[in-house]
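Assemble chain B onto chain A, guided by the hints.
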Amino acid sequence: GAGVSQSPRYKVAKRGQDVALRCDPISGHVSLFWYQQALGQGPEFLTYFQNEAQLDKSGLPSDRFFAERPEGSVSTLKIQRTQQEDSAVYLCASSYGAPNTIYFGEGSWLTVV
Amino acid sequence: AQSVAQPEDQVNVAEGNPLTVKCTYSVSGNPYLFWYVQYPNRGLQFLLKYITGDNLVKGSYGFEAEFNKSQTSFHLKKPSALVSDSALYFCAVFLLRGNSGYSTLTFGKGTMLLVSP
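Chains A and B, in that order, are what the protein sequence lines are. Residues in the first sequence are numbered from 55 upward in steps of one, following the working numbering. Residues in the second sequence are numbered from 1139 upward in steps of one, following the working numbering.
I should point out that these hints are in silico values taken from the structure, not numbers from a laboratory. In this text, all values refer to a predicted model and were calculated from it rather than measured experimentally. Note that the Cβ used here is the ideal one computed from N, Cα and C, for glycine as well. Mixed in with the good hints there might be a few duds.
Selected chain A positions facing chain B (in silico; Cβ < 7 Å) [as the list claims (entries may be wrong)]: (1) 97; (2) 139; (3) 153; (4) 158; (5) 161.
Bound-form chain A, shown alone:
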């Protein structure tokens, strides 16, 4: 596709509900990243994939967060038993690999009520 595509753009979840956020990277990009951005803050790294391999998940805040990229293309970030502090924008990004430019999607805005 022309750019990184994320869905849903907006999600309101009740506390305790599970959510799944989808990312469609730019075709051919082997590197895929998930970032979390709190209101008024810079993006914070969550996890990184190279093709289907999750090379780093050290940024995931808790074991309620899980990400996968089973076929090396589309990725899903899943949050189980959502809590209010999970409210943030979740940004997906992709690239051909460092130090190439990383391109971001529009983000998925999660509000937990």
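Relative to the frame of chain A, chain B by itself:
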């Protein structure tokens, strides 16, 4: 510790005046530096990057940035600001993550640029 910093939370400038948004970094080895812009309710848009070569890098929308190795800075500049430039600007640097052997982008906290008519 390796890091990237944006010392200003907000920069105010009048339309038509030059603008500068500051960024400093601390990395070992050669830095790979980026600027992104974020408009309200939007994702991050790439503006420009420095990998190697000329210290003055030109990017999108008339922006440019100057890499200064001695001052470890990568300030974003534009000769004549537009009201439509008002947005949140992020400086970022590729940082090696632990002993993994690969790098990911680490962002500054952002600087809000407000251009008044």
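These are the hints, each one checked on the structure:
1. Evaluation of the residue 97/A hint against chain B yields a held restraint, the C-beta minimum of about 5 Å falling below 7 Å.
2. Using the Cβ-Cβ criterion of 7 Å, the hint placing residue 139/A at the interface with chain B is not satisfied: the shortest such distance is roughly 19 Å.
3. At a threshold of 7 Å, the smallest CB-CB gap from residue 153/A to chain B is about 4 Å, leaving the interface hint in force.
4. Annotation: residue 158/A was flagged as interfacial toward chain B, and the flag holds, the nearest CB pair being 4 Å apart, inside 7 Å.
5. With a cut of 7 Å, the hint placing residue 161/A at the interface with chain B holds, because the nearest CB-to-CB distance is about 5 Å.
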